[in-house]
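Listed in order, the protein sequences are those of chains A and B. With the first sequence counted from 1, adding 76 to any position gets you the working numbering. With the second sequence counted from 1, adding 63 to any position gets you the working numbering.
If you're looking for bench data, these hints aren't it; they were derived computationally from the structure. Just so you know, not all the hints are guaranteed correct.
Straight-line Cα separation of at most 25 Å, BS3-like style, residue types lysine-lysine; simulated pairs [to be verified]: (1) B:Lys359 / B:Lys460; (2) A:Lys261 / B:Lys568; (3) B:Lys359 / B:Lys403; (4) B:Lys264 / A:Lys261; (5) B:Lys460 / B:Lys379.
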Amino acid sequence: MLAFVLRRLAQSIFVMLAVSLIAFSLFRFVGDPIAQMVGQETSIEDQENIRERLGLNDPLTTQYVRFVSNLSQAEFGYSYRTRQPVSEMILSRLPATLELGAISLVISLIVGIPAGIYTALKRGFLSNALLVATLVGISIPTFVIGIFLIYLFGVSLGWLPTFGRGQTVALGWWQTNFLTVSGWKALILPGVTLGVYQLTLTMRLVRAEMQEVLKTDYIKFATARGINYRSLYLNHAFRNTLVPVVTIIGLQLGGIIAFSIVTESVFQWPGMGLLFLESIRYVDIPVMSVYLVLIALMFVVINLVVDLLYFAIDPRVRLRGSHD
Amino acid sequence: MTVIFRRSLSVGFAALWLTASGVTQAETFKWAGTTDPQTMDPHATNSAPVLGFLNNVYEGLVRRNKEMKIEPALAESWEQIGSDGWRFNLREGVTFHDGSAFTADDVLFSYERASSEDSDVRSWFAPVDSVAVVDDYTIDFLTKAPNPLFPDSIANFMIMDRDWTTSNEAARPSREAENFATRNTNGTGAFTVTSRDPGVKTTLQPFDGWWDTLESNITEAVFTPIGESATGMAALLSGEIDFISPIPLQDVPRMKERDGFTVHEGVEARVLMFGFAHQADSLKFSDDLTGENPFKDVRVRQAAYQAINVDALIDKVMRGSAQPASQLVSSAMKGYSEAKSERLAYDPDAAMQLMKDAGYEDGFSFGLQCPNDRYINDEAICKAAASMFAKVGLNAKLTAMPVRNYWPELREDNFDMYLLGWSPGTFDAEHPIRFLAHTPNSEKKLGSWNFGDYSNARVDELLPMIQTELDEDTRQAMIDETTELLQQEIAYIPMYVQPLIWASKDTIELTQRTDNFFILRWVTVN
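Same shape as in the complex, but just chain A (with noise of 0.2 Å):
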């Protein structure tokens, strides 16, 4: 087991190296940096002249060791945009795109693992409606879905804010929105937006998976034993279900943090894929790169998290696993 979650982090750290190094040759495609760092009458010596200290006219290859060097000293350098340090704004941003993902995900579980099995279980026209509005909720685009319920809730209505995180509360670095009523009136919408898409997904693979399951031949002879329904459904039938709908769900936990930039930018949500997204306007590399890194971290964390979780779900995967 040790050696198990030693070896994987051993694998990510290639993973993360291979990820900068593609983020670092594209680069190169997304614009000038300098051009966006100075006024139209700053004369072209004066940009070559930044270009040379900043490094950029330094070989890629150059260019790349150095950024990786630096990160292994824990250097994360300075924002082009901004001038500050880039490890300060990425962790003053980081407490929002958390608690955002967190309460998208919570959503899409709540919802989508009962309408899951419900609707495996039942046929009708609440089975058929559910199943019609995740076709509706999977086809949408992120961005009309935001920009609907803020017109609806927001606009139309009044009830919800339209942008931005409301009041928050310090908790030492970290600005948290569960502590006040403004708080989690901000998170709402976002949240709903950002956790549909995962919704519709939880909801149809548990509602396979389950299908898949009340097929097979031990839960015909449960039934045949007489266990009462719900025993029968939720802890011979739906623990069965688990092991693919955590694989998925651990994935779209990455997903939900890495891609919540559309939502973000939405509903002007000061997580880091705003961050992510205003560095790519004024072409900062060293936030880009920092953030495509994290990014890449966090998913191989999540992923030997999916991982150590079979062990505890599955005894095949543990039986497995001893013989090794």
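Got chain A; can you put chain B on it based on the hints?
Relative to the frame of chain A, chain B by itself:
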């Protein structure tokens, strides 16, 4: 108003301030723009979002009034000394936000800071030879040559306090890492920055020690950047913000119909134009021509000019809210050439005849480069122009790209024709001649945005004369001559002056200045 009141977090604080000032009502003003100012350092970045924002916090020796005319600010008066310099008589009794007194030494310090190597505004001081403090409230700026425009050119040169800046280790702006002045301010202006969370929220309050009388009744102002225009519109419609700038052109009719909101329409200083590759030996993006560049022929440039129906562009693409332009500056700028204010008529037949005369009766294809996120509806303008060009045989192959890729592309000469918008920082006709019309000369730092290498010996000769001429009529005659040359040779195709479109609740009174600066001290909440 009650909704905002309930939501406002700082009513308590505002009320506290009220008792001190004696105003009858606490007014929190919330506004949004698309871009957060990158820094609070007035010398670190020469960009409109930064200078516009900081105009509320810092002040210059002179400032611009609602009509963009220069008026006294930290200098009460100024006069020319000899032929090569300006003396500024400074205002007494002015204090910085931290309470320290403003003197000529702070001006000297700010000059040293703003003209230092890592300052992004140092080009303003290129004509300055030396600066001398005469006494605590008198300072001389000596220029290398007569410089009638100098006071106009330093309206955005903001004065910082020597002690505050040096004791916080921010004596020089920094290119690489931030310093204390990046997020903290200490100006003499009408508002102080009370909190700043970059990219999220910036809060300001009136400075009760300000030397001038405040026209505004706001007691607190909160700025939020909102990048997505649909989100910004929703925030205004839901009442969460009071003002937003800009709004998309296509939302204007809808906003005008809504009760409770006002659309503020004005003209910006920016002129939109097409430029040519004047010197290239061959077209870079042509399918049918090799080894020749028809745009070297003034007849072809004129054909392109007369092929464009500017009124239709303004009407259809800009939805009626732009003004046709005949020259590189708008009529609101100093030195605008009244004598040369006629545009060439839209005339496709004449254009086709010109193409025939030049030997391109069958037309030719060429590359038209265009940004897609820099100017209002920029890509749509290029598409519409391309279809107009096509009618006279100019087959434009349009490439649109984000501005971060656009400037490098133009610097690499990857274009046959390109779109450019120019807003003169000095609000004077000399500015575009210096940057767009003079032959590129990196040593003299001239013609740095003249991507197409337009070159005319007489224009080059006229520029220094315009820069140093003290007599207004003589100077105007020189500008008229330059304008005529640029028009005759079709150095550029000036098309229209870009509009400014802001929106607010109709309880807000404000002033829209052509430099697109949002000046808080002119905002009244009713």
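Against the structure, the hints come out as follows:
1. B:Lys359 / B:Lys460: Roughly 19 Å separates the two Cα atoms, so the pair holds.
2. A:Lys261 / B:Lys568: OK: Lys261 of chain A and Lys568 of chain B at ~24 Å, within 25 Å.
3. B:Lys359 / B:Lys403: The hint holds at about 23 Å.
4. B:Lys264 / A:Lys261: holds (19 Å)
5. B:Lys460 / B:Lys379: Holds. Lys460 of chain B to Lys379 of chain B sits at ~21 Å (cutoff 25 Å).
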